[in-house]
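Residue numbers (my numbering), protein chains in the order written: chain A, 1 to 363; chain B, 1 to 363.
Each pair may be met inside one copy or between any two copies, as identical chains are not told apart.
Below, computed lysine to aspartate or glutamate pairings styled on EDC-like, alpha-carbon distance capped at 16 Å:
hint, residue 1, residue 2
1, 158, 109
2, 207, 101
3, 175, 336
4, 229, 285
By construction, these hints were calculated from the structure, which means they are not laboratory data.
Remember, predicted model here, so these are calculated numbers, not experimental data.
Okay, here's what each chain looks like letter by letter:
2 protein chains.
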Amino acid sequence: MMKQDIRVEFTSAKKPKPDPHDLAFGRIFTDHMFVMDYDADQGWYDPRIIPYQSISMDPAAMVYHYGQTVFEGLKAYVTKDQEVLLFRPEKNMERLNQSNDRLCIPLIDEELVLEGLKQLVAIDKDWIPKAEGTSLYIRPFIIATEPFLGVAASHTYKLFIILSPVGSYYKEGIKPVKIAVENEFVRAVKGGTGNAKTAGNYASSLKAQQVAEEKGFSQVLWLDGIEKKYIEEVGSMNIFFKISGEIVTPELNGSILEGITRNSVITLLKHWGLTVSERKISIDEIIQAHRDGRLEETFGTGTAAVISPVGELIWNDESLVIGSGETGEISKKLYDTITGIQKGAEADVFGWTTEVASLSETK
Amino acid sequence: MMKQDIRVEFTSAKKPKPDPHDLAFGRIFTDHMFVMDYDADQGWYDPRIIPYQSISMDPAAMVYHYGQTVFEGLKAYVTKDQEVLLFRPEKNMERLNQSNDRLCIPLIDEELVLEGLKQLVAIDKDWIPKAEGTSLYIRPFIIATEPFLGVAASHTYKLFIILSPVGSYYKEGIKPVKIAVENEFVRAVKGGTGNAKTAGNYASSLKAQQVAEEKGFSQVLWLDGIEKKYIEEVGSMNIFFKISGEIVTPELNGSILEGITRNSVITLLKHWGLTVSERKISIDEIIQAHRDGRLEETFGTGTAAVISPVGELIWNDESLVIGSGETGEISKKLYDTITGIQKGAEADVFGWTTEVASLSETK
Ligand SMILES: Cc1ncc(COP(=O)(O)O)c(C=O)c1O
Ligand SMILES: Cc1ncc(COP(=O)(O)O)c(C=O)c1O
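Turn these sequences into a full structure, and let the hints steer you where they fit.
Here is the structure:
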């Protein structure tokens, strides 16, 4: 595609920044957003950074009816030297296009959108919180905008990037969670959209999540939709187990999301000389390993929590307490290493970070 | 729930009506729409009919990200006596609430929304086209509106009803279609959202539909997601087969939509003294029946086409021509009877129609 200029329109009314000690997740948004349009004649056109504002669309816009939409999630971090870093953002662009392909949405120019994302973060850099564990959450998303009630791919789309300063996932230090193995509801199945980051996967997960929360569990562990036997992933995390020293995680089978944290974890573990297998893992295998005292660690991986140790798994009425409910050694080391790289405190041997701005330079 | 008044604000700028001979599906909308809001304090509140207008929402509104949305589809018809009839609208309200339940959306007062729907159709009754086969398509839908990027049920919603005058599905008389049996992609699976009318099901169907259209087929026939063996339904229709005189249709198994036309067809067939079975039907059974010359008819059922005879099924590279590619006797009789009832030309023995307005009375 041809190189396109990104036009910038600054806001004339900057919003007050939130109290940095009182940040939640995904409720407060910055002063600007990135927008780009698509139509069949022009392709993706008019990339621009404009003041954060409402979206106004016809009630017949296809996204409201048929859910033709995809999204991404990544974060910007401030280092101790006041540099603003992104963590593997090109991976998110790549995955956005994989999702686009599955949802029949026209592919984006990954470089152009990444450039827009970087410029946006640089413009709103004063919004990035600096305290331990805080960051700027970045949400690119695409929606089908054609006002048409037929079930077909839209002929027009809009891409947005919005930014939200977010608090620490672990307010009192990294803490293991309780996760329920889901027996009734199914998130995704081979041939469906499980490996795309698209709205419907999350809509279909709400019911199971609600039931789990009522019972005091933080998330559900999904099993495969075909045999309800093989482990897939958690709400918005991939999952890893350490069994008799071997680290295992479900293979990419078409129905789980290919997490970027998952990929970073596998790379790091191998780099440390540990054995990692991507393969089918049945829930029976996990239960048996637990009974035999061989289930040493369990943890989830995802952008929000980075590493989320699992202290207890609930399967029907059976409770499997893992590692006395404490954070395991590997979980801790992965968490420290990845957050260290993200915050510029650990050597970035894999070239995972990209600097987009500095808070110390006078703009 | 308490009875609520529906407030009405008329448009001051009526739009020109479309050429009745040139109506497509779902591209033109009438002068007004019904809207109602939900929040946790007030429940569903402020039901109102207002001028048709854009929806303006925060870019973080949950529907854009997590697809928490449901919809319905039904039609209003004009009889030869100029009466406006709805066909089993209470069934659509019931199904909307079933979908709400699956998607963790607060239930609606079915009577209130049906009352709003009727008033809306009455107000925009001049938009209902009168020619053979034309009708007014009615689209109720609910979207999650809370500006929040966490994966959870929204705390606020909007319900809309919009209206679209639509042309005849069969411009040159009822005509059999070619349908491809889908082998790769899956629409829904038990434990998922297949039996709810929600966005994600349609988003996930686009890819298969696109491939089928490129090959010259009008729709795909979905198989179950578990064994890829049992017949489920077509894009937006349920499916029926007549084999050696017996009429069969897939049972309601949790992954197919419970079509209202399907229900009407079963009722009519039984009323006529025919045998109808709701059961599992494997694709092998259909192929074998065809080879043995026992597959007498195949047809889809849905609000859009009412009855859509299938003239040819494609399974891998095998083509199954059904009834020499002509419309079968049962298909024809069902089509004539149901459209007759809808248009007030046939006796409505089951009490399926509801009058909402008359075009002859001076308003
Ligand atoms: C369903 C699902 N699985 C896994 C992940 C983890 O992916 P990542 O590590 O790229 O954040 C996410 C979150 O993005 C997700 O939504
Ligand atoms: C997936 C699906 N199946 C079946 C149907 C047929 O249902 P109905 O007869 O109520 O229109 C529809 C259309 O509403 C549909 O979307």
